Amino acid sequence: MDDRRRRFEAQALPHLDAAYNLARWLSRSPTDADDIVQDAMLRAFRAFDGFRGGDVKAWLLTIVRNCWASAGAASRRRGHTSLEDETLVAGEADPEQTAMRAGTRRRLDQMIAALPEEFREVLILREMEDMSYREIADITGTPIGTVMSRLARARAMLRETAKACL
Amino acid sequence: MSCKESLQTQSYLDGELAGADAMAAERHLESCAECQAVAADTADLSDGLRKLTRYRAPDTLRHRLTKHLDRETRHSPVHSFWLGAASGGGLSALAAGFALFVLLPPSAATLAQSVVDAHAAALTGGKTIMVASNNHHTVKPWLAAHAGISPPVTDFAQNGFVLTGGRTDEVAGHPAAVAVYAHGNHEMDLFAWPDHGAPLPQAGISRGFRTTFWKSGDLDFAAVSDVDAAAFQEFVSLAQNHRE
Chain A
1 MDDRRRRFEA QALPHLDAAY NLARWLSRSP TDADDIVQDA MLRAFRAFDG FRGGDVKAWL
61 LTIVRNCWAS AGAASRRRGH TSLEDETLVA GEADPEQTAM RAGTRRRLDQ MIAALPEEFR
121 EVLILREMED MSYREIADIT GTPIGTVMSR LARARAMLRE TAKACL
Chain B
1 MSCKESLQTQ SYLDGELAGA DAMAAERHLE SCAECQAVAA DTADLSDGLR KLTRYRAPDT
61 LRHRLTKHLD RETRHSPVHS FWLGAASGGG LSALAAGFAL FVLLPPSAAT LAQSVVDAHA
121 AALTGGKTIM VASNNHHTVK PWLAAHAGIS PPVTDFAQNG FVLTGGRTDE VAGHPAAVAV
181 YAHGNHEMDL FAWPDHGAPL PQAGISRGFR TTFWKSGDLD FAAVSDVDAA AFQEFVSLAQ
241 NHRE
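The listed protein sequences correspond, in order, to chains A and B. Numbering follows my numbering, in which position 29 of the first sequence is assigned residue number 29; successive positions increment by one, without gaps. Numbering follows my numbering, in which position 205 of the second sequence is assigned residue number 205; successive positions increment by one, without gaps.
Next comes chain B alone, as it looks inside the complex (with noise of 0.2 Å):
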């Protein structure tokens, strides 16, 4: 009862094929009424599994982690550093650095790891939003009044890309408004800066996060995220053709 091209339908759907296989495909699919009904439940199965089914980390296991971290760098712990930085000397060495990085514009290597490196932060200390709320009416005036900067904001959620808050952030350096996003399970982080003539990254992925950069006006975007290539480049056009 198996249709012998379902495997090759399923590579499709998973967002594996590309160029002539992916049309042979579509084509294949667009005429296979077997196909289809599978599709269309396999499509039902995932929603249910990526609305329902994700395990968090629970803090006792980052505490003990932390701990164990501790011992194995047999170091003093994390924060040490930055005490000794703000007690002594180590604050004017710090300050100049943050002041090169003013003064100079970033590389395109440096945006992609400070973006990257941004989000990943704000995923590990768990504090990705600042301000919660769906409504683009209450997170766009607030970026604008912490950040200083007010990029277009829009609610995706009848593309499954629902907007769940927003943050300030930095980004080379520079202040960054950052607009929230969940796609399923996936947080996607929208990071706006004003341009400041820095030459952009190309598209890539980064610790296995997918980074795209764009300009429009005089701010520059970037959008972060561990998704799926498909959704990604979803989530991309819709930010880069939203006009407000």
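So that you can see chain A by itself, here it is in the shape it has in the complex (with noise of 0.2 Å):
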């Protein structure tokens, strides 16, 4: 196989679910998480011959959030499908623990939703993919001082969201 591709394929392709999961989050449709993943891949790919070193998993989530960011407002903009038929990590054969861990769930995808772009994509990075807020600087493309604010106000917003839905 060609040397590349095998290198991709043992860097990159095991952080495929992150870099799903990032695109997800951001642009709120599954389809659209889709193509901005495929695209966001084949970039890389085209791209890894000149990837030296550093974190894989920043380097791709970097491309993730700029596939996004060019995806353009209108197609972000559009409206997102429900919880019902997705990809979650969970499954629970307990229907009473199926069931409110689906409430839970519901709620707190709406309180992510409603967060503006900024502090969706910092609070994403940080408490799904364990970034740190140097990496959190580099894929977004903000001085590190501000992802911290932005950290702080975005967990502000989702308690006092969570408060008023309890």
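Since the hints were made in silico from the structure, they are not lab data. What you are looking at is a predicted structure, and each value in this text was computed from that prediction instead of being measured. Take every hint as true, because none was put in to throw you off.
Partial selection, computed: residues in chain B whose CB lies under 8 Å from chain A:
id, residue
1, Leu7
2, Gln10
3, Asp14
4, Leu45
5, Arg50
6, Ala57
7, Arg64
8, Thr73
9, Leu123
10, Arg207
C-beta atoms are modelled at their ideal positions from N, C-alpha and C, and glycine is treated no differently.
Two chains, two frames, a set of hints: combine them into the complex.
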């Protein structure tokens, strides 16, 4: 097999779920997330010979984030579908627990969806992808101080919404 | 109403501070009721987010991507190398390669790469677990029977590292037993293989995955995951200090 292909499959593809999760949360749409990730992965593959060291995951997420940003506001604002047919990682056998989780999930989903984009992206990168402030600053192209204040603001908004919902 | 130290407290709780800064933030947190309240609410929020809301790439996307990559590479599909190797002269070259691995103790760099490769390959293939169980009485004998290696296996669920199962794998050509843990939506692999006297690599980050190696008894161990530094360190120290 082609050497670049082999390296790409070994180094970049393990982060496909992280790429998809970010795209899904940023775009709010399964269809858009599919397109964004496919576009991002092919770009990453074409650029992979030029990638020298560093963190592959952060590099991939940067490309995903840029693909989403360039996909344009029009498609981004398209209505998003409900969570019913989604590929969330969950799957409890107990129906009562499943129903409870589905309720909480939907509420959390709506809360995050309601966040302005610049707050949503830092929250997802920190809370779901465990990226450091430095990495988030690099991925989103914002100063590290701005990352910190946006993260604090995003968390405050979610805490307030959570309280209002309960 | 907002405490002027709140951003510093947040940095501390996110594991972004070290040394004197971390100690100062810790002292402030001990005495500031507002920061304590925010810290508790934020921890609840993080728990909720980590448990409930991660999407996985659909299989249709994976398949489409493979097709596109095939087209981009303009070579035959992924499996051709292995088919070619199995059907002809490639096989002996392959066997010779493995023989070298077996005869020579692998270098530290080879070990580090091999462990990350194995972890990444398991994640990519979606096959991290061959025996699914949170019971160490199930996982440990399974590993002993299938990998011929019997490392200590413990569920660290109380500390947030839930034993989800085990698998057999290879590290630098040697069979290894892997205990698999979940931390939030991240997966952690704990590799164990018989000590061959090879030097172990330093802890590090490779391709987005943290690794730490250590020896205990007649086994070598490696922990691999993409969790944050603080959680990774906690997991390693639990695994290192664990006694059955």
